[in-house]
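Student: Following my numbering, the numbering of the first sequence begins with 1 at its first residue and continues without gaps.
No lab work stands behind these hints: they were computed from the structure. Some hints here could point you the wrong way.
Stated by the list, open to error - Computed Cβ-Cβ distance ranges for the label pairs, DEER-style: (1) 213 x 335: 34 to 42 Å; (2) 157 x 431: 33 to 41 Å; (3) 116 x 157: 25 to 33 Å; (4) 16 x 139: 53 to 61 Å; (5) 224 x 82: 45 to 53 Å; (6) 256 x 116: 56 to 64 Å; (7) 82 x 213: 37 to 45 Å; (8) 402 x 315: 32 to 40 Å; (9) 386 x 112: 42 to 50 Å; (10) 8 x 431: 38 to 46 Å; (11) 16 x 175: 34 to 42 Å.
Backbone N, C-alpha and C fix where the C-beta goes; we use that ideal spot for every residue, glycine too.
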Amino acid sequence: MELVEESPYRFRIDRRDPMRVPGVVFASEALLPDVGADRSLEQVAAVATLPGIVDASFAMPDVHLGYGFPIGGVAATDVAAGGVVSPGGVGFDISCGVRLLAADLDLAGLRPRLEAVMDGLGGATPRGAGRGAVWHVTGRSDLDGVLREGSRYAVQRGFGVGRDLERCEDHGALDDADPGAVSPRAVERGATQVGSLGSGNHFLEVQSVAEVYDHDVATTFGLWPGQVCVMIHCGSRGLGHQICTDYVRRMEKAMRRYDIQVPDRQLACAPVESPEGHDYLGAMAAAANYARANRQLLTHVARVVFRRVTGGNLDLVYDVSHNQAKIETHGVDGERRTLCVHRKGATRALPPGHPDLPADLCDVGQPVLIPGSMGTASYVLAGVPGAPAFASTCHGAGRVQSRKQAVRAERGQDPHRQLAARDVAVRGASRRGLAEEMPAAYKDISAVVEATEGAGLCRKVARLMPIGVVKG
DNA sequence: ATGTAC
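Based on the provided sequences and hints, a complete structural model is requested.
Tutor: What follows is the structure, given as structure tokens:
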């Protein structure tokens, strides 16, 4: 595995058979994975062998090992040229993403009520593996609404306001969801988890705006220094997981029929224009809508708590997912092409002027929400014109230790105390769960953001610091 | 990420 430095923050993995395109890694020297100890760049090269892939197999500065595709990876295939879709290119947590809410309150105003807010959020947010949900859906019709219409359905049922949808990617729902392509088992798992945080790196965090880098853009996004915010990071729970499992299995079998060979079984895929490809994209869109409704319901809960304790409101800044495949139009070799863009641990970052942006954000570009590791900063970024990698950027800090390694490194320590020392109030989370998510298990989020900006993928708007966190 | 297992 040889890396050629093309420009600062951009490295190339030269194409060699059976790669169809080169690999491109956006990173600083310091953030580059150690090719001796880390297989994530081999995964970047393996993705480059997929039928129909165009331009390059991309890795973001937060790249790390994933199932088949690396996390922090972007790959686009040309639909008309037999391009494939791969469940491993989306990940198990379909449409996992981030939502940022801005309070009409500053940090000083929150301080006296912080414990009450945290107790309220901790008590009202269903979290952890399995157990509990905001919305106990009964029968298939409510769940169908969630799968077909995502946040739009949640708002229609009273869990939010119309303006929320203007600030959601795709206005809160992907259009081509096919609940019929979702297995009964996935539906069964999903029915009891609508409006729940989950576990692992998912969280609901109370934050404050610690620094603003671009005052005008921050103002347009509705953000100002010292302001209190709530960030929600969660996904499609057991439903998305089951859909990924179902379709990996189905595509493993289908590949022989399409005469597709991949260097790793975990890269199972099928042509976008095939029954398997169509069904996966329909099921994936249903899971994506489930994830968006999930974040909408947790928003509702947070608003109820804030209203009760502070008397104030929470306005949606933006909601964007970082695990998804989307059919998009991009210029490739001077031609407009219909592509299936896989973003796995990578965030869409639309440039200023893009038609899919809400009218009031059109001049400044899409808000990009980057959660840091627990107890560290999170960032608000903005899309920039002419960015590479199909308008995509990083999604977070990126793991450097496995969960097991992180738990071992925390042995004999008290993670609760360490977070208290950082002035972060914690609600929920097992000792082990916290140990797995300590900052030492992740790259430095600020270094990741510097590299994405240096690579021309996006630009900084604001840095947020955590005050309190609700964990699974 | 995940009813941390089919």
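Student: With reference to the structure, classify each hint as holding or not holding.
Tutor: Hints, verified against the model:
The hinted window of 34 to 42 Å between residue 213 and residue 335 holds, with their beta carbons roughly 36 Å apart. Look at residue 157 against residue 431: about 37 Å separates their beta carbons, and that is inside 33 to 41 Å. Under the hint 25 to 33 Å, the C-beta atoms of residue 116 and residue 157, about 28 Å apart, fit the expected range. Separation of residue 16 from residue 139 is about 54 Å and conforms to the stated range, judged on CB atoms against 53 to 61 Å.
For the pair residue 224 and residue 82, the beta carbons lie near 50 Å from each other, so the given range of 45 to 53 Å is met. Range check, residue 256 to residue 116: Cβ separation about 60 Å, and the 56 to 64 Å hint holds. For the pair residue 82 and residue 213, the beta carbons lie near 43 Å from each other, so the given range of 37 to 45 Å is met. Distance hint for residue 402 and residue 315: a CB-CB separation of about 38 Å, consistent with the stated range 32 to 40 Å.
At roughly 47 Å, the beta-carbon separation of residue 386 and residue 112 lies within the given 42 to 50 Å, and the hint holds. Distance hint check for residue 8 and residue 431: the Cβ-Cβ separation is about 41 Å, which falls inside the suggested range of 38 to 46 Å. Distance hint check for residue 16 and residue 175: the Cβ-Cβ separation is about 40 Å, which falls inside the suggested range of 34 to 42 Å.
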